[in-house]
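For our numbering, add 10 to where a residue sits in the sequence shown, where the first one is 1.
These aren't lab readings, by the way, just hints derived from the structure by calculation. Be aware that a few hints might be false.
Stated by the list, open to error - DSBU-like cross-link-like pairs, simulated, lysine-lysine; straight-line CA separation at most 30 Å:
# : residue 1 : residue 2
1 : K75       : K32
2 : K32       : K48
3 : K73       : K48
Only a predicted model underlies this, so the values are computations on that prediction, with no experimental measurement involved.
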Amino acid sequence: MINEKPMIQKSVFGARYEDEYKFTLRADEVGANTLTVKLTYDNGVDEELVQIEETSDVFYVEKGKYDSLAEYPIYVYITPVIIIIAIAGWLHWRRSQFRM
11 MINEKPMIQK
21 SVFGARYEDE
31 YKFTLRADEV
41 GANTLTVKLT
51 YDNGVDEELV
61 QIEETSDVFY
71 VEKGKYDSLA
81 EYPIYVYITP
91 VIIIIAIAGW
101 LHWRRSQFRM
């Protein structure tokens, strides 16, 4: 009980009142960056919400091995595939026409 109110303790569900959140970030540009996380939660005791802001150390974002593929629109990749499939289909159709 907290302040004479029955409360479900987080420790029942997780060890040491901790939660773990996993997420993936995608950078827009190459270079040095920092990550700032703003956390707001209700601790169950005070009327006000607890707000925490954490900033990471500086990290460097590099260009990935396949990032150059994402620089072009999707139709640049789809158009040649469609043309190749159309030619292969036409060759198969012509082959079946002249098969005896």
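Now the hints, each set against the structure:
1. K75 x K32: holds (24 Å)
2. K32 x K48: holds (15 Å)
3. K73 x K48: Holds - the C-alpha atoms of K48 and K73 are around 27 Å apart, at most 30 Å.
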